[in-house]
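Please build the complete structure, drawing on both the sequences and the hints.
These protein sequences, in sequence, are chains A and B.
Its first residue numbered 1, the first sequence is counted upward by one per residue in our numbering.
Its first residue numbered 1, the second sequence is counted upward by one per residue in our numbering.
FYI, nobody ran anything at the bench for these hints, they're computed from the structure.
Please note that the accuracy of each hint is not assured.
[Claimed, not checked] Cβ pair distances, simulated, as ranges:
no. : chain 1 : residue 1 : chain 2 : residue 2 : range
1   : B       : R420      : A       : G145      : 23 to 31 Å
2   : A       : S113      : B       : R420      : 49 to 57 Å
3   : A       : L68       : B       : K474      : 28 to 36 Å
4   : A       : V55       : B       : R420      : 55 to 63 Å
5   : B       : E432      : A       : S113      : 28 to 36 Å
6   : A       : N36       : B       : K474      : 40 to 48 Å
[Said to hold, decoys possible] In silico DSSO-like links for lysine-lysine, alpha-carbon gap of 30 Å or less:
no. : chain 1 : residue 1 : chain 2 : residue 2
7   : B       : K458      : A       : K151
8   : A       : K100      : B       : K115
9   : A       : K40       : B       : K429
10  : B       : K350      : B       : K371
11  : B       : K458      : A       : K122
12  : B       : K115      : A       : K122
13  : B       : K474      : A       : K100
14  : B       : K48       : B       : K67
Glycine included, each C-beta is placed from N, C-alpha and C at the ideal position.
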Amino acid sequence: MLEIKDLHVTVDGAEILKGIDLAIAPGEVHAIMGPNGSGKSTLSYVLAGRDGYEVTGGSILYKGEDLLEMAPEERAAAGVFLAFQYPIEIPGVASMTFLKTALNAVRKQRGESELDAMQFLKLVREKAKLLNVTDDMLKRAVNVGFSGGEKKRNEVLQMAVLNPTLAVLDETDSGLDIDALKVVADGVNALRGPDRSMLVITHYQRLLDYIVPDRVHVLAHGRIARSGGKELAHELEAKGYAEFGANEAA
Amino acid sequence: MAAVTETVEQVQAVADGKYKYGFVTDIEADTAPKGLNEDIIRFISAKKNEPEWLLDWRLKAYRHWLKMPEPEWAMVDFPPIDYQDAYYYSAPKSDTDGPKSLDEVDPELLRTYEKLGIPLQEQERLAGVAVDAVFDSVSVATTYKKKLEEVGVIFCSMSEAVENHPDLVREYLGSVVPYSDNKHATLNSAAFTDGSFVYVPKGVRCPMELSTYFRINAANTGQFERTLIIADEGSYVSYLEGCTAPMRDENQLHAAVVELVALDDAEIKYSTVQNWYPGDENGVGGIYNFVTKRGACRGRNSKISWTQVETGSAITWKYPSCILQGDNSVGEFYSVAITNNYQQADTGTKMIHIGKNTSSTIIAKGIAAGKSNSTYRGLVKIQPGAKGARNYTQCDSLLIGDKCGAHTVPYIESRNRSGRVEHEATTAKIGEDQMFYCQQRGLSEEEAVALIVNGFCKEVLQELPMEFAVEAQKLVGISLEGSVG
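Structure, rendered in structure tokens:
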């Protein structure tokens, strides 16, 4: 599904990622953990194709294709989805409108027909129910005045509607209380399947109690310092990131 | 609703035919020589069989116009206009002058029609393609008029109004925008060729939007259009001028005048979608849209509401205003002005509070892209007698790119201590994070801009009559094409 080789990335002249190697097979869920400033969010933005992140070396293959050659919207159409750590507000645009525009844009790029209003409404209602997203939320402007939990639920709803094959979740647990965390995790788990891979980025082990990963990687100083099974997360929770040369940032 | 649907169908039927000649006054195929002088004005007036008082009025305007300076306070820049290098009277272009088929029409124009979802036959009409008359347009126009006549609404061309309703025209023409108002309006007063006239009698709610109807009528109104709408006591009318589709047009200077009069308890809603040719991406060509629009809330509890979506023209100079004379009268101005490439827009409103407890609302959204400049200019004036007057103004500007400008110039004059005036203004750049968020969800850059800008304009767009709101949303996207990346 995803194959990252010796990835080097520079932001504003400073090298943030210094040779990342990572391979995710279809259906696998990988977690990236690491202290603040280790490059976790940079990795997620590079995967999604954000401007300002300069790849100075290495490669990313997605389903065998050069991901770095693709525009952000092409990546989205090819099935790459990024759940934002800080979802962006778009005043005046109803969440429902946003979802519909996004879904139809993706379908158009894939050569599929656009959904009509009834088909779309049915699809959204079904997905929204799972995530406790109310009709009222869907009528409100995208993320405007949303609570932390609402924003994250909205991200997972977008993911469910767009039906990606590679989902990158950037600190989806940040700002959530335990109940909200469960709702979001349930939503994500419902989307797990043999054809969908996920990269879950988090600072804390807590999220991984609910979204149990197949592999855990520790990112520190722009490199993957250690990889292991899900038990690695528990070890980190107990010992902190000190052994990776980071200040305990908790 | 049924009536509206029927109306739309009829209009579409008409649009497919050669309706324009059913409405515009018959004009013989001759043209006055270039330039403007008293003889030309006499010629225009004679062609239209106008009564003497109207000719005198035109001449008075002309003589005044000669002495008037050009308005120079607006933030727009253009070389001096050579008024003698233009035709002030020419018969409507005959079909033989136009392209023979859509194959001969500028493909850029066709692409825009396509995106707006305009039916093929209407595209032909808009592009000025010679279409065979297959349909007796006069009879449809008559059915239409009958429906309005049943309730007593008069809706006709200005020329017809002068002929058939001279008393009404004489009473109200120039009563809101006097012939001496400003250089452009005065030129219009001297040389106007046609336009529309509406009179809604006491207590009548006009049974249809006078919008789609106009869309057909608009084809030949020419560069000096004059519109007069009178809503008598307790009446209501909604009027939409313009068209989301760009029209083939060879006149560079458009100096139109619109006058609205609302008597006691009457309401006029006037919506405009302006998409004249903006010039090319290097700023060559394009329409100068110098328009004077003003409404008088003469009666108690009357209301005038302006909604405009301005995306076209090389230069827009336009301030639809309300004179709130009647006690408790209400003025509203909702505006979206989008400029791209080298376009310049200086637009806004004047709210003149004269009566007691008058209130006004101004919501203006300016969007500038490319190397364009968009200025909001507005005046809120509270006269000494306007006890308890209130105004709320909100001006938001959105910048796309770093070579454009957005400017807000609000003037507030309050001469009554009880007046309350609020003004809010914001300026923002379209966010890189918003763009990336949309693109990550699959939208192209252009789709992302269209979505974000439509959200930004929502408060204004939702004021438009339903059937035009959808087209206006598409237009917002189209007019910003090429503004990013």
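Against the structure, the hints come out as follows:
Here the CB-CB span from R420/B to G145/A is close to 27 Å, well matched to the stated 23 to 31 Å. Distance hint check: the CB atoms of S113/A and R420/B are about 54 Å apart, consistent with the given range 49 to 57 Å. In this structure, L68/A and K474/B meet the distance hint of 28 to 36 Å, their C-beta atoms being roughly 34 Å apart. In this structure the hint that V55/A and R420/B lie 55 to 63 Å apart at CB holds, the actual value being about 57 Å.
For the pair E432/B and S113/A, the beta carbons lie near 32 Å from each other, so the given range of 28 to 36 Å is met. A hinted range of 40 to 48 Å for the beta carbons of N36/A and K474/B is consistent with their spacing of about 44 Å. Using a Cα cut-off of 30 Å, the hinted pair K458/B and K151/A holds, with the two alpha carbons roughly 22 Å apart. For the suggested pair K100/A and K115/B, the alpha carbons sit about 19 Å apart, so the restraint of at most 30 Å is met.
A distance of roughly 28 Å separates the Cα atoms of K40/A and K429/B; the hinted pair therefore holds under the 30 Å criterion. Taking the CA atoms of K350/B and K371/B, the gap is about 27 Å. The hint holds against a cut of 30 Å. A C-alpha spacing of about 25 Å is found between K458/B and K122/A, which places the hinted pair at or below 30 Å, so the restraint holds. A distance of roughly 28 Å separates the Cα atoms of K115/B and K122/A; the hinted pair therefore holds under the 30 Å criterion.
Restraint check for K474/B and K100/A: the C-alpha separation of about 15 Å stays at or below 30 Å, so the hint holds. With a C-alpha separation of about 27 Å, the suggested pairing of K48/B with K67/B holds against the 30 Å cut-off.
In the structure shown, no violation is registered for any of the earlier numbered hints.
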